[in-house]
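If you read the sequences in order, they're chains W and V.
Everything in the first sequence is counted per the numbering used here, starting at 50 for the first residue and increasing by one.
Everything in the second sequence is counted per the numbering used here, starting at 37 for the first residue and increasing by one.
There could be a bad hint or two in this list.
[As the list claims (entries may be wrong)] What follows is a list of derived Cβ distance ranges for each label pair:
hint: 1; chain 1: W; residue 1: G113; chain 2: V; residue 2: R253; range: 37 to 43 Å
hint: 2; chain 1: W; residue 1: P298; chain 2: V; residue 2: M37; range: 20 to 26 Å
hint: 3; chain 1: W; residue 1: S357; chain 2: V; residue 2: G231; range: 43 to 49 Å
[Claimed, not checked] Residues of chain V clear of chain W, computed beta-carbon distances all greater than 10 Å:
hint: 4; residue: V52
hint: 5; residue: V95
hint: 6; residue: G132
hint: 7; residue: G138
hint: 8; residue: A183
hint: 9; residue: G220
hint: 10; residue: Y263
hint: 11; residue: W291
hint: 12; residue: G384
[As the list claims (entries may be wrong)] Just a few of them, taken from the derived set where beta-carbon distance is under 10 Å, the chain V residues facing chain W:
hint: 13; residue: C53
hint: 14; residue: N54
hint: 15; residue: C56
hint: 16; residue: R57
hint: 17; residue: Y58
hint: 18; residue: R73
hint: 19; residue: S76
hint: 20; residue: A92
hint: 21; residue: F99
hint: 22; residue: P102
hint: 23; residue: E104
hint: 24; residue: G239
hint: 25; residue: V241
hint: 26; residue: K249
hint: 27; residue: F388
Hints listed in this document are in silico derivations from the structure and should not be mistaken for laboratory results.
These numbers come from a predicted model, not from an experiment.
The C-beta atom is built at its ideal place from N, Cα and C for all residues, glycine as well.
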Amino acid sequence: MRSKYDVLVIGGGNAALCAAISARRGGASVLVLEGAPKFYRGGNTRHTRNMRCAHDAATEILTGPYTEEEFWEDLLRVTGGQTDEVLARHMIRESKEILNWIMEQGVRWQPSLGGTLSLGRTNSFFLGGGRAMLNALYLTAERLGVDVEYDAKVTELVVENGMFLAARLERPINGETEIRATSLVAAAGGFEANIEWLKRYWGEAADNFLIRGTPYNRGSILKMLLDKGVQEVGDPTQCHAVAIDARAPKFDGGIITRHDSVVFGIVVNKHAQRFYDEGEDIWPKRYAIWGRLVAAQPDQIAYIIFDSTVVTSFMPTLFPPIAGQTIAELAGKLELDPAALEKTITEFNAAVRPGTFDHTILDDCRTEGITPPKTHWARKIETPPYLAYPVRPGITFTYLGTRVNKEARMLMADGKLSANMFAAGEIMAGNVLGKGYAAGMGMTIGSVFGRIAGREAAKHARN
Amino acid sequence: MHGTRILDEADRLMTVCNSCRYCEGLCAVFPAMEMRRAFSDGDLNYLANLCHACGACYVDCQFSPPHEFNVNVPKTLAVARAESYASYAWPKALSGAFARNGLVISIVAALSMAAFILGFAALNDRGVLLGAHTGPGAFYKLMPHNAMAALFSAAFLYAIFVLVMSVRAFWRDIGTPIGGHADGGSIFQAIRDAGELRYLHGGGVGCYNEDDKPTDRRKLFHHLTFYGFLLCFAATSVATLYHYLLGREAPYPWWDLPVVLGTLGGVGLMVGPIGLFVAKMRRDPALLDEISYGMDVGFIAMLFLTGLTGMLLLILRETAIMGPLLALHLGAVFALFITMPYGKFVHGIYRFAALVRYAQERRGEAGS
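Take these sequences, add in the hints, and give me the full structure.
Structure representation (structure tokens):
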């Protein structure tokens, strides 16, 4: 531990560790400041499970090629064009090398997990999940001589005219409360766990949001950088939200609180009214829209309602469904108006047209004569016990970030390049991901730009 | 709910894990779990015995303590596994032997060794007991070969019988394999998986014992112990064949097959258990099933004692203390045999059965 480093990395997830390793391999002395305690290190990375990388041929774990062009088209589709094409194409090209580079850092791949076959061609899964991936990166970083400090909260960044000088710490480390470094890599994530910040855009509704990752993703470094004149990118009002079980803990429920049973039933709000076409689209789109839909409902709560015939059609869930032998009994347990729920389900059942059910395609099972319709996978809810999952918006990540160039170097609000500040991961994801999401893309952004940021930060420190 | 607190906890964890599945590449437990949506007592005991305690799922889990979901699969399955040994033990009256197993094993071992010493002393005069004997038949001056063979065969057959009865109860309880059927291929697969400790490897990264680094060497020490045990068993079997088929009596010269096998096995039985004991002492308390500490250490100690007395007997067999050493060695081996079905030894039997069941399920799945 010294008081002056070549490269200071703030953050402790995939992007931060890739930056630290790459800077260290580039000959720099490196300090990683992780704001969370050791167990919670890594921010959202600890909840991830795969990465999307372009590849020209099948590999041991990937079932077929996924070309740069196809990756680009996917990105274009999910973002609706809200992306920086130069940066995005550069990332996609670099992602090809990452498949091997990340393995050289000790991370192991495995074929796609049970229940995720649709990703078997495009996404490489981490053996043991995101925390296993982090463990491997930390082991490698420490073996290379990277210093790592946990519970290291940065309270202030000393920046002059776009030039980073030092970071001030809440708690001294070896007697030092100020760490100076020649280059800075900011890889400290978004602000999804900062409810007060979310309230600026969402109002009181944000109190009912559940945060899927750790409570440490507070966006404090992002805010400091923007206050120091770094150019922002991405819609500050937007966040990625999915419907998760309302019984999940406020923070860090991770992947296991998700529900993907929407297509097998109907979704009602607290007035027992349907509010959106449950059969609009197939995974993953249907998965990603429901968080925002529920956020728009009164009290930010909704209920997925289905019957006993479909229980085994989706993955087993952490929280068991709430059950009732009659609709009225179920409504009672959910504290919904029994008459209203019975009316909603009766009308829905009456509107269901005959068809051939197939949840893997946009099938012909649909309703007629109700609003909103259910345009696919519509089947009567009539076999007791009747079952329900209560759901709330689960916030995964935010889109607001710092603008960067291909070297991961930050741009200042006046358009000039920062002399020595780089960014990687969720804190700059908005550059390529203006909105939407496709599985594994966050990790691609983290690893690709982390590696670049570390390399460039080390290069700057050497010159 | 289940019959015991630990099975309730195992059920809770398997429900958490089944909605996550990040660990499915680490070992056999999680793929077996994924074949089920609900878990009977037998299912949980099957999964518990399938677990090799490599620790990887604990280190890799985003929900392990201090997370409020408190997911600690290795420790929970270790406790469930130990409790399953008692619940399947035959006869039921002796299942209590697992509760204070370290004490039981020590008492049986002490009594057994004392009995051999006293027996030798009572049946032989002082000159014979403390005399130096060499040449073929030297051991049998202290105890006739037929008596020795009869006693140990009886102990061994008893152990086998009890183990068969116990594992039969386990096999019935874990039920029909999901989509599979018993066949020779599954047994062959299980022999390979057990023989190489395929699932004691953290999915390829390595195992965890004292901390969050994959530096664990238990696999090596287990191999030394297990193959040491087999070599010793082979040494005794070859010697028995020599005796009855060739009429050649022990002790044999150092270069002869029973001695070579026994020496190699004896070294394994000493080095292996020491390594396993040190690993046990250094194990992260978060992973350690401290309730079974006595059982684990008792078994390790019995194996070590068997190896040690055997090696000493080999080295000192031409001196005056051969008699007492022979008594100690026979006492240790006798105690090892009769306590086998009521101690840690059974882990190998149940785990092998679980591996057979897992191989059946995998083959069933592949075929369907």
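Each hint, compared with the structure:
1. W/G113 x V/R253: 37 to 43 Å: holds (40 Å)
2. W/P298 x V/M37: 20 to 26 Å: Given a distance of about 23 Å, which is inside 20 to 26 Å, the answer is holds.
3. W/S357 x V/G231: 43 to 49 Å: holds (45 Å)
4. V52: Given that some Cβ of chain W is not farther than 10 Å from that of V/V52, nearest at about 6 Å, it is violated.
5. V95: The claim breaks: V/V95 does not keep its Cβ more than 10 Å from every Cβ of chain W (closest is about 6 Å).
6. G132: Its Cβ never comes within 10 Å of chain W, the nearest being 36 Å, so this holds.
7. G138: holds (33 Å)
8. A183: The assertion about V/A183 holds, with a minimum of 56 Å to chain W.
9. G220: holds (28 Å)
10. Y263: V/Y263 clear of chain W: closest Cβ-Cβ about 29 Å, beyond 10 Å.
11. W291: Non-interface label on V/W291 holds, nearest chain W Cβ at 47 Å vs cutoff 10 Å.
12. G384: Fine: 26 Å to the nearest Cβ keeps V/G384 off the interface.
13. C53: holds (9 Å)
14. N54: holds (5 Å)
15. C56: OK, holds: V/C56 within 10 Å of chain W, min 5 Å.
16. R57: holds (5 Å)
17. Y58: holds (3 Å)
18. R73: holds (5 Å)
19. S76: With a minimum Cβ separation of about 15 Å from chain W (threshold 10 Å), the hint on V/S76 is violated.
20. A92: holds (6 Å)
21. F99: Since the shortest Cβ distance to chain W is 7 Å, the answer is holds.
22. P102: holds (6 Å)
23. E104: Holds - the Cβ of V/E104 comes within 10 Å of chain W, reaching about 6 Å at its closest.
24. G239: This hint holds: V/G239 lies near chain W, its Cβ roughly 5 Å from the closest one there, short of 10 Å.
25. V241: With Cβ-Cβ at 6 Å, under 10 Å, it holds.
26. K249: With a closest approach of 7 Å, the V/K249 hint holds.
27. F388: violated (26 Å)
Consistency with the previously given hints fails for numbers 4, 5, 19, 27, ordered from lowest to highest.
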